[in-house]
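Using the hints, build the complex out of the two chains.
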Amino acid sequence: AQSVAQPEDQVNVAEGNPLTVKCTYSVSGNPYLFWYVQYPNRGLQFLLKYITGDNLVKGSYGFEAEFNKSQTSFHLKKPSALVSDSALYFCAVRDRMDSSYKLIFGSGTRLLVRP
Amino acid sequence: EPEVTQTPSHQVTQMGQEVILRCVPISNHLYFYWYRQILGQKVEFLVSFYNNEISEKSEIFDDQFSVERPDGSNFTLKIRSTKLEDSAMYFCASSLGRRAYNEQFFGPGTRLTVL
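Line by line, the protein sequences are chains A and B. Residues 1 to 115 in this note's numbering are what the first sequence lists, from first letter to last. Residues 1001 to 1115 in this note's numbering are what the second sequence lists, from first letter to last.
Quick caveat, the hints were computed from the structure, so don't treat them as lab data. Glycine is no exception: its CB is placed at the ideal position from the N, C-alpha and C atoms. Just so you know, not all the hints are guaranteed correct.
[As the list claims (entries may be wrong)] Once the Cα atoms are required to be at most 20 Å apart in a straight line, the calculated SDA-like pairs of lysine to any residue come out as:
| no. | chain 1 | residue 1 | chain 2 | residue 2 |
| --- | --- | --- | --- | --- |
| 1 | B | Lys1042 | A | Gln6 |
| 2 | B | Lys1057 | A | Ser100 |
| 3 | B | Lys1042 | A | Arg42 |
| 4 | A | Lys22 | B | Arg1098 |
| 5 | B | Lys1042 | A | Ser100 |
| 6 | A | Lys49 | B | Leu1096 |
| 7 | A | Lys49 | B | Lys1057 |
| 8 | B | Lys1042 | A | Thr24 |
| 9 | B | Lys1042 | A | Gln2 |
| 10 | B | Lys1042 | A | Ser3 |
| 11 | A | Lys102 | B | Arg1098 |
| 12 | A | Lys102 | B | Glu1001 |
[To be verified] Coverage of chain A stretches by chain B, computed from C-beta distances (three or more under 8 Å per stretch; other residues unrestricted):
| no. | stretch |
| --- | --- |
| 13 | 44-50 |
| 14 | 77-90 |
| 15 | 94-105 |
With the rest of the complex left out, here is chain B (with noise of 0.2 Å):
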C-alpha cells in the first residue's frame, strides 16, 4: 500500500538555524500539507500546497517557513531561523483531490527539537 514517507525522523538543530524536513507523498496525489503537534496539543493546520503554490496558509506559517515541491516527488518544508517554539511533531499529508471528503493521508512525522 503507497505511504507517504518522511525524513528524517527526528531533527536537533540549534536556536536560529535553518532546517529542512522532507517528505515524499503518495505518487499520484496532487494536493500536499504540512501539520505540527507541539507536545501534549492538539494537531494544527500549516499549509496546503497544489500546482506547485501556496493554496492556503495558517496563521502559523509565516515568513520563516516555506515549502517547496523542488522534483517530481518530494515535497519540503523549511524553516529559515528555528526558535525553540519550534519544537513540535511536523507531520506531511497528501490527498488525491481538494474536495473536503477527501481523506488526507499522513506520514511518520518528523520530531524537531530546537535547543
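Same shape as in the complex, but just chain A (with noise of 0.2 Å):
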C-alpha cells in the first residue's frame, strides 16, 4: 500500500536560515512526488513535482526538493527562510504503475519562521 510520513508535525526556523521539510514515502512502484502548501484559510497550493530525471527539483516561491530513491525520501528545502514562508507543507504521492487518481498525503508539517 502506498504511504507518505511526515515525521515533524512543526518545524522552527529563523529568518533568514535555511529550511528542511521531511518527507518519506512508500510505493510499491517508481513514485511521483508533490509538495503541496497550505496558508490560513486557504486551499491546497501546489509548490512542486518530481516525476523523473534531475533530483533537485525547483518550485514556486523559491522552494525545491531533492528526490532521493535509496532513503525513498523527498524533503522540501529552502536556503534561506522568510516569515512569510509560514504554512503548513503537505507531502503526496502516486505510484506510477496505480491507475488510480488519488493522491495519498502526509499529515502535514507546520513551518514556522521566526523573524
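Here's what the structure looks like:
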C-alpha cells in the first residue's frame, strides 16, 4: 500500500536560515511526488513535483526538493526562509504503476519562521 | 491565475440533514475530485469524476455521498443524511489530465460541522 510519512509535526526556523521539511514515501512501483502548501483560509497550493530526471526539483517561491530513491525521501528545502513561508506543508505521492486517481498525503508539517 | 473556488466556506448542519457542497473547478480542467480532512488527520481521497461519471471512489464514499456536475461549471458533493463523523474540511480539486504526473489544483475548502 502507498503511504507518506512526514515525521515532524512542526519545524521552527529563524528568518534567513535554511529550512528542510522532511518526507518519506512508500510505493510498490516508482513514485510521482508532490509538495503542497496551505496558508490559513486557503486551499492546498501546488509547490512542485518530481516526475523523472534530475533529482533536484525547483518550484514556486524559491522552494526546491530533492528526490532520493535509496532513502525513499523527498525533502522540501529552501536556502533562506521568510516569515511569509510560515504555513502547513503537505507531501503527497502517486504510484506511476497505479491506475488510481488519488493522491496519498502525509499528515502535514507546520513551518514556523520567526523574525 | 485560475483557481478552484468552493462555497460555502463554513457549513453548520444538524445530524440527519442533507448538505450540498459546491465547487467551481478551473475552467479547462476535465477531472474533478473531492477530498476531506478530519481535524488532526490526513487529507483523504473521496472520489474522482470524469465525463459525467464517477471514475474512482474510496471506501469512505458510501451511499450517503453523491457527486454531480449539474452544469458546465459547478461540481457538487451531496451528503444525504449527515452524521457527526462527517464533520471535516472538504476540499475540491481539479486537474487537466488524469495521468499520475498531472498535479491537482485544490480549492480553499468547506468546513462542515455536524451537530
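Violations among the numbered hints, reported as their numbers in ascending order: 4, 7, 12 and 14
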